[in-house]
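Quick note, the sequences are listed as chains L and W, same order. Following my numbering, the numbering of the first sequence begins with 1 at its first residue and continues without gaps. Following my numbering, the numbering of the second sequence begins with 175 at its first residue and continues without gaps.
Note that these hints are calculated values from the structure, not bench results. Computed from a predicted structure; not experimentally measured. We put the CB at the ideal spot given by N, CA and C, even for glycine. Take these hints with a grain of salt, some might be off.
Here are some of the chain W residues that sit facing chain L, going by a computed Cβ distance under 7 Å [stated by the list, open to error]:
#1 E181
#2 L182
#3 A185
#4 L186
#5 R188
#6 D190
#7 P191
#8 S203
#9 R205
#10 L248
#11 P252
#12 R255
#13 E259
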Amino acid sequence: MLTEVETGCDFRSLVLRHQATVFSIALHFLRDRATAEEVAQEVFFSLHRNLHQIETPAHAAAWLRKVAVQRSIDEGRRRSRRPQVALADVAEPAAGIRPGDPLLSELLRKLVASLPEAPRMVMVLRYQEDLEPAEIAAALEMPVATVKSHLQRSLALLRGKLARRGVGESEWTG
Amino acid sequence: MDWLEDELRRALAREDPPDGFAERVMARSARGPSGARRWLAAAAMVVVAAGAAGAWRQHQGYEAKREMMLALRLASTPINRIQSEVRGITQ
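Required output: the full structure, derived from the provided sequences and hints.
Laid out in structure tokens, this is it:
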């Protein structure tokens, strides 16, 4: 029988391997570094308590992703009782944003953060974790068709918001 | 590839947690449950102990009452006999 270290399922290895994933899911969903770290720590404590259930490194990755998603959503609901940053508060970017501009990245993060809970998490899992709709559906326990619908509607919404801010296809096609 | 999706991948790229994150997780995990959890466990133990003490006191009360009733019953038997004998003599 292999040990936890031999299978790659020992706690330290799992923390080191998945800390960026877990922290980033919470960060991109909640947009608060301190809260994201707290959520990420809670996710790993939960893993520590349930380590005996983990069978393979792939199982650990899926388990951590699912718990990170759930804890982030729970924290988001707790915080929703407090004032949030509304889309109207998102500052207008300087004119002439080009591809890869950090200002555009920041604007996109704020626009994603202004989406409702479910489409926001779908966008985070799609573009942070590069998951396919079926994998996102499994992580969020929702139908694949709903995931695809959230993706399409969120992209259309973001495209419209960016166009109104003067950011669009033309800057990328020359 | 769609330009917006490219930009979203760039904007939502994974970020490393603050320095020392893994060490903090390892240290807290080695310590076991958090302070709040320890307090919660201690409070639960106090409640259980208080409940057990209350139940024990109630049990002792019932025992004392039962013994008292038995003693009274035992004591009343000879008194009743003496009373009936006295009644017999006087009649």
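Here's how the hints hold up against the structure:
1. With its C-beta approaching chain L no nearer than about 6 Å, E181/W sits inside the 7 Å limit, and its interface hint holds.
2. Taken as an interface hint, L182/W checks out: its beta carbon lies about 4 Å from the nearest beta carbon of chain L, inside 7 Å.
3. Here the hint on A185/W is kept, as its CB sits about 4 Å from the closest CB of chain L, short of 7 Å.
4. The closest approach between the C-beta of L186/W and any C-beta of chain L is roughly 4 Å, which is under the 7 Å cut-off, so the hint is satisfied.
5. The closest approach between the C-beta of R188/W and any C-beta of chain L is roughly 4 Å, which is under the 7 Å cut-off, so the hint is satisfied.
6. Evaluation of the D190/W hint against chain L yields a held restraint, the C-beta minimum of about 5 Å falling below 7 Å.
7. For P191/W, the interface hint holds, since its Cβ comes within 7 Å of a Cβ in chain L; the closest pair sits about 4 Å apart.
8. At its closest, the beta carbon of S203/W sits 4 Å from a beta carbon of chain L; the interface hint therefore holds under the 7 Å criterion.
9. Of the supplied interface hints, the one on R205/W is violated, with its beta-carbon coming no nearer than about 10 Å to a beta-carbon of chain L, more than 7 Å.
10. Interface restraint check for L248/W: the shortest CB-CB distance to chain L comes to about 60 Å, outside 7 Å, so the restraint is violated.
11. Interface hint at P252/W: violated, since its Cβ lies 68 Å from the closest Cβ of chain L, which is beyond the 7 Å cut-off.
12. The criterion of a C-beta within 7 Å of any C-beta in chain L is not met by R255/W, whose closest approach is roughly 72 Å, and the hint is violated.
13. A least Cβ separation of about 78 Å between E259/W and chain L goes past the 7 Å threshold, and the interface hint is therefore violated.
The structure shown violates the earlier hints numbered 9, 10, 11, 12, 13.
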